[in-house]
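Construct all of the structure, not just a fragment, from the sequences and the given hints.
Below are the chains, spelled out letter by letter.
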Amino acid sequence: MAERSFAKEVEHLHIGSGEIFRGEGILAVTKALLQSGVSYVGGYQGAPISHLMDVLADAQGILSELSVHFEASASEAAAGAMLAASVNYPLRGAVTWKSTVGTNVASDALASVASSGVRGGALVIVGEDYGEGSSIMQERTHAFAMKSQMWLLDPRPNLTSIVDMVEKGFQLSEASNTPVMLELRIRACHVYGSLTAKDNVAPAFTLRDAMENPVRDYDRVVLPPSNFVHEIEKVKHRWPAAVEYIKSHHLNEFLGGVAGDVGVIVQGGLYNTLIRALELAGLSDCFGETRIPIYCLNVTYPLIEDEVKDFCLDKKAVLIIEEGQPDYIEQALNTILRNADIQAKVVGKHVLPRAGEYTGQVILEGLQKFFDAYAPSLVAVNSRGARLPLPPDGQKTIAEIVPQRPAGFCTGCPERPVFSAMKLLQKDIGKFHVSCDIGCHLFSILPPFDIGNTTMGYGLGWSGASAFNTAALKRTISIMGDGGFWHNGLTSGVGSAVFNRNDNVLIIIDNGYAAATGGQDILSSRAGHKTKHTNNPIAKAVRGIGVEWLKEVNTYDIGAMKKTLKDAMTTQKKGPKVIIAQSECMLNRQRREIPLRNKAIHNGKRVVRVRYGVDPDTCTGDHACIRLSGCPSLTLKDNPDPLREDPVAYVNNDCVGCGVCGENAHAAVLCPSFYRAELIYNPSVVDKVLASVRSAVIGFFQKRGEYARAKYTFGA
Amino acid sequence: MTKPRPIKISINALGGQGGGVLAGWIVKLAERSGYIAQSTSVPGVAQRTGATVYYIEVFPQGSTLAQKSVPVFALMPVPGDVDIVLALEIMEAGRAITRGFVTGETTLIASSHRVYAIAEKIHLGDGRQDAEDIIMVGQTVASRFILDDMEAAAASADAAISAVMFGALARSGALPFAKSAFEETIRHSERAVDSNLAGFEVGYANAPSDGAASTPPLSTAGAKKASASTAGSGLLQRMTREFPNSVQFTLTEGLKKLVDYQDVRYADLYLDRMACIRALDEKCDGLRRGWRLTCDVAKHLALWMAYEDTIRVADLKTRASRFERFRADVRAETGQIVHVSDYMHPRIEEICDLAPAWLGKKILSTPTLRKGFGVFFKKGRRIPSTKLHGFLLLSFLSGLKFVRRSSYRFKIEQARIDDWLMRIEMTARDDYALACEVAGLQRLIKGYGETHERGLANYIRLLALLDEANKMPAPPFRLTSQTLASLKSAAFADEDGVMLAAEIQKLRLSAKAA
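Chains A and B are the protein sequences, given in the same order. The letter at position 81 of the first sequence is residue 81 when you use this note's numbering, and the numbering goes up by one with no holes. The letter at position 418 of the second sequence is residue 418 when you use this note's numbering, and the numbering goes up by one with no holes.
This list has only true hints and no planted wrong ones.
SDA-like, lysine to any residue: derived pairs with alpha carbons at most 20 Å apart:
| no. | chain 1 | residue 1 | chain 2 | residue 2 |
| --- | --- | --- | --- | --- |
| 1 | A | Lys711 | B | Gly234 |
| 2 | A | Lys599 | B | Ala192 |
| 3 | A | Lys637 | B | Asp130 |
| 4 | A | Lys8 | B | His188 |
| 5 | A | Lys563 | B | Arg381 |
| 6 | A | Lys427 | B | Met499 |
| 7 | A | Lys637 | B | Ala328 |
| 8 | A | Lys530 | A | Ser64 |
| 9 | A | Lys703 | B | Asp260 |
| 10 | A | Lys563 | B | Lys378 |
| 11 | A | Lys637 | B | Ile122 |
| 12 | A | Lys566 | B | Lys378 |
| 13 | A | Lys637 | B | Arg325 |
| 14 | A | Lys703 | B | Ser398 |
| 15 | B | Lys387 | A | Ser684 |
| 16 | A | Lys688 | B | Phe323 |
| 17 | A | Lys703 | B | Arg325 |
| 18 | B | Lys387 | A | Val685 |
| 19 | B | Lys387 | A | Arg609 |
Note that these hints are calculated values from the structure, not bench results.
As structure tokens, this is what we get:
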């Protein structure tokens with residue numbers, strides 16, 4: 001079960017025509033898919049579109065009512081290939097993933113479906129993970145649209161525009177026989193707003209219809225000579241058809257006024273930020289009423305030459321607001337205007353940064369530069385300017401105080417002890433090369449662990465170290481999560497290591513979920529599942545593919561983990577060595593167990609709750625325990641001893657009782673300050689009798705001690 | 001004419017603090033009050049303990065000035081254009097300020113508590129940042145600054161911190177909605193309604209209602225007046241008689257610690273040693289210098305003399321006061337049974353520490369003996385301190401206090417202390433400030449096992465440098481108090497001694513260049 005349940009919100013998907021739909025952008029996309037008569041949906045989770053997958057998973061009921069098939073695809077490539085269903089049949093389908101990483105993975109399939117062309121509308125919804133909050137390389141999906149010739153929609157970031165563009169996207173796809181990509185930026189995925197709904201539509205032609213009445217068309221297969229025909233089709237038929245549809249349905253918008261000889265061309269997704277910047281420059285009100293002409297590109301690929309020419313014809317200069325690099329749109333605009341011999345100057349990356357997110361501040365500064373140069377009269381009259389923030393010197397002093405907050409493992413995370421063990425092993429056998437993967441475990445690269453050299457992509461942990469397959473005195477360690485393992489790591493990593501007689505070590509972190517993306521179920525999840533087949537052990541797959549040296553270790557047993565790692569690193573046995581580090585994701589486990597525990601306590605059952613603590617009078621404030629753990633619940637507080645300056649370690653009330661701090665104290669021989677406390681709820685008679693005997697005896701000794709000390713009381 | 005503008009609210013929080021819930025409440029509150037609302041966030045990896053921003057804009061629906069019914073809401077705050085900043089931790093308030101979200105028109109509401117960042121926590125000494133500057137700047141910059149320890153308030157009401165913040169927001173009047181509308185929003189959420197309403201109430205009550213910025217409470221530790229039982233009063237009298245006023249607080253703490261650690265005789269030894277230091281300080285014009293050396297040595301000598309050993313640990317672990325404390329720390333209910341087991345890992349070294357000096361030395365210096373006995377102390381143990389056998393074992397160990405004086409470790413530590421005092425004395429004559437720094441080197445030696453060994457090694461390394469700097473007739477470099485202080489903080493920078501080695505290298509190179 002995913003980290004966030006949308007069971008309640010999903011009910012909202014039933015609402016019909018004229019009713020008001022409220023929710024996140026990504027939920028609105030789901031509604032739009034249902035309103036569009038989609039037949040199948042697939043995808044792979046990852047921020048910022050994880051919630052789309054979670055919503056769909058929680059929406060099984062309504063999906064089956066409308067006979068929509070939802071597939072939790074094994075990877076983005078698998079999802080992309082799913083669009084093949086729309087090649088021969090009038091079936092609408094949508095797939096989704098995090099981009100550009102997911103689009104990279106899906107590219108092979110996408111290029112094929114883009115070459116074949118589609119009969120039914122095919123929509124690729126990409127969450128553009130760019131700018132603040134992003135965790136991946138900063139690139140643009142735009143390039144993929146261009147190279148495979150798929151149309152790229154970039155709607156204005158309000159629910160109505162987004163939903164409208166999903167519906168039009170299917171129509172555009174069908175009108176031009178081309179798969180369409182819909183790009184949503186991080187905040188647009190999570191934007192909460194409202195829209196007027198329409199009725200859901202069940203597909204007229206169903207998957208079952210297709211399966212029972214198969215159609216074959218050799219012209220649609222990517223093989224000579226069709227592949228050559230496809231290329232010609234793309235430019236001769238599909239492109240013009242798309243341009244015609246986009247123009248006649250006004251997918252792009254001419255907004256704002258007609259004042260002056262300057263204008264702004266903006267990617268639809270940046271429209272709201274532009275309006276806010278114009279407002280701050282005194283050139284718009286908060287409703288977007290402005291005299292500045294705006295050409296809003298809800299379709300960023302292809303550009304519509306006629307529209308561009310019309311917009312630029314009477315202008316001295318146009319500002320193109322295009323986020324990221326390279327400046328594909330700016331280049332294309334220049335080509336269009338040059339070919340048409342229109343003299344409007346295209347201003348873009350001259351006044352706006354070449355790289356980085358276009359925030360309100362950035363666009364405001366760009367606008368000011370643009371207007372200063374090309375329409376100074378506009379700014380001089382109207383500028384109210386932003387309220388001035390803090391003077392720079394004040395900001396600077398505080399900036400030195402405010403600490404960085406890198407992401408880290410959650411409280412009680414079962415992955416933490418794996419890296420504690422690795423850190424301890426490094427003390428024994430020295431540093432080793434570590435190849436990381438994508439997933440929560442990648443936090444090992446950050447303090448306090450500082451473990452990991454590279455990360456090459458999801459499931460590619462072991463492949464990232466595959467060059468180091470040569471005789472050496474030290475082996476390498478690679479990391480892979482269970483998510484990455486099933487995504488492709490089983491073949492690209494483990495299979496490849498077996499085949500190439502790799503002699504190095506792989507740790508597979510098996511926590512039962514695709515945890516980093518929000519706790520979605522995967523093949524090896526332990527929990528039963530209504531619509532999915534879970535409980536397929538990783539160990540079985542690893543053995544099956546030919547690994548002989550395989551150990552399964554409970555992650556919380558740091559001693560055993562360290563020993564197993566050491567064995568793997570030093571054994572004389574040749575061949576790939578795989579350690580499966582197992583323990584359930586603590587977030588998921590807590591979500592499952594706490595309600596059960598509370599219920600049991602409430603019902604009078606005997607329950608033992610474990611948590612940990614530190615004695616402040618034996619802690620000397622060295623914090624070695626924190627350097628081996630980084631647990632959010634293991635923190636600091638003032639030293640109660642007035643003679644000592646260094647703060648003591650302290651376990652706060654978020655502790656979930658995983659025991660890693662205590663295990664670390666043992667494994668690293670740290671200090672005797674950690675204790676494990678068992679709190680007994682609804683004690684049995686035996687508990688009570690034992691407790692009273694204990695407290696009588698212990699109390700006697702303690703009183704004797706207190707009495708002896710009282711003789712020497714000293715001070716206040 | 002002022003054009004209507006949306007109210008812009010930024011929530012600056014840490015992943016897991018409930019910023020999303022708070023944003024949801026504000027949206028619902030606005031909608032219930034006839035406003036249009038939009039919120040956005042950037043979840044993702046920031047959800048896992050990182051700093052994150054939730055952003056909300058609200059606008060009155062059907063405003064007469066409205067040309068169209070829906071304004072174009074922005075998806076991210078623009079510096080200088082945020083009306084309300086809600087920071088769920090004080091450093092996050094600082095981050096909001098550095099990002100330019102807080103201006104003369106902003107209401108800043110922040111929780112004063114700290115959630116320490118990893119860089120602050122992993123320091124070998126004290127790496128914590130002081131938030132006082134942020135409070136100061138916040139008061140200068142913001143139109144209003146409401147500050148309250150909302151974590152404590154939340155704990156008192158058994159509520160989430162977001163509920164307390166919601167209460168403070170209601171009280172601030174920064175949003176044009178009635179208190180009842182806030183409460184209705186919580187009720188309507190149908191989740192943990194009672195505790196959230198309680199938290200809301202506390203937050204509401206704690207925040208000031210008018211324009212005045214609340215004054216942050218600054219803690220001032222009051223000096224304690226010393227008193228003593230008859231057995232201790234002799235020590236106290238001697239201390240008051242022989243030592244200047246300004247060092248008496250530290251000395252009292254030292255005496256208290258040592259009587260508690262060993263006995264009155266041991267505390268008397270402390271005063272004997274301190275008397276020498278006091279005399280030395282006087283010779284070095286200590287009166288004019290505020291008795292800094294005496295004060296420094298008083299603190300560090302007490303800590304050193306009360307070195308951590310198994311006896312001390314067992315003693316502290318078995319006390320009634322400790323039993324009360326752990327019950328409070330784990331938030332046990334009244335009368336609830338709590339079992340505690342302690343993670344202990346005595347190695348052969350710690351066992352020999354307790355042995356009579358001759359025996360301890362013999363075992364540790366004979367490899368076969370060391371290894372032979374060592375196998376019994378390879379694994380850590382969990383001592384069930386609240387069960388009889390565990391408690392009695394620890395009780396027995398704490399009783400060894402009476403033979404501590406003849407133990408191997410005691411001999412070693414006293415020799416080290418005497419050596420340290422001698423160096424302080426030698427140094428003080430030429431360089432008072434440097435002597436104070438030498439006294440402060442004791443801070444390096446702390447902890448148990450490997451931690452203690454690492455600290456001691458660093459201490460010895462710095463003493464060796466001191467010796468080198470005193471090498472006559474041609475010292476290779478000069479060691480000033482500032483240099484020694486920076487070397488000490490370098491020793492605290494990392495576990496592997498990388499920074500310290502680099503600093504020492506720098507010292508040698510600069511001396512060569514000079």
